[in-house]
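Visitor: Next come the chains, spelled out residue by residue.
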Amino acid sequence: GESVGLHLPTLSVQEGDNSIINCAYSNSASDYFIWYKQESGKGPQFIIDIRSNMDKRQGQRVTVLLNKTVKHLSLQIAATQPGDSAVYFCAESVSWGKLQFGAGTQVVVTP
Amino acid sequence: KAGVTQTPRYLIKTRGQQVTLSCSPISGHRSVSWYQQTPGQGLQFLFEYFSETQRNKGNFPGRFSGRQFSNSRSEMNVSTLELGDSALYLCASSVTPRGAYEQYFGPGTRLTVT
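Keeping their order, the protein sequence lines are chains X and H.
Using this note's numbering, the first residue of the first sequence is number 2, and each one after it goes up by one.
Using this note's numbering, the first residue of the second sequence is number 23, and each one after it goes up by one.
These aren't lab readings, by the way, just hints derived from the structure by calculation.
Please note that a few of the clues may not be correct.
[As the list claims (entries may be wrong)] BS3-like mimics (lysine-lysine), calculated; alpha carbons at most 27 Å apart, straight line:
(1) H:Lys35 <-> X:Lys43
(2) X:Lys57 <-> X:Lys69
(3) H:Lys79 <-> X:Lys72
(4) X:Lys43 <-> H:Lys23
(5) H:Lys35 <-> X:Lys72
(6) X:Lys57 <-> X:Lys72
(7) H:Lys79 <-> H:Lys35
Let's have the full structure, built from the sequences with the hints guiding it.
Guide: Next comes the structure, spelled out in structure tokens:
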């Protein structure tokens, strides 16, 4: 398939610490990227997006960094809370109505 | 504003049967995309509809089809179900008519094929 999800890496972070989730994207021509959070039994929840003409964008407790040179995207979560435990996906816009998703990262917040 | 809704939330079907899933986008959103999510393949794009027209299609067999109505509600149909069709089917809506931007997802329909 186009999106390989055979292995889900896990990031374990202590409550209150900052989290950094990384993602490599594939299409140099992609002009738009999104981070989603998916909790068990729910659909992906929009967190933050960034266009390719930007390097950084900040939201509430989250920051997305885009490095087009190495096709790398990261999501930083400040002061991670138990409610941040979920699977996080990066996605890139590749064509009409189509997002291509990464495999996802499981974030586990420990007390 | 109400979010994306999908019905039913859960379905159990037998191999060879067909199934229809429904998606109501956020009010004002005219683009609806469908995705299949499985543990092995992750999230994969099925197709996208805008103004009742399929504009894009993923790499799925012809058993998977969809349509969109004039009120932007969308349905997808899977015929001759196979065990491998067991998955979470997600729809996402977007207000932007171009590209794939700001897609908001529904809760999904969990389909189990036995």
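Visitor: To test your reading of the hints: which numbers does this structure violate?
Guide: Going through the list in order, the structure violates hint 5 alone and respects the others.
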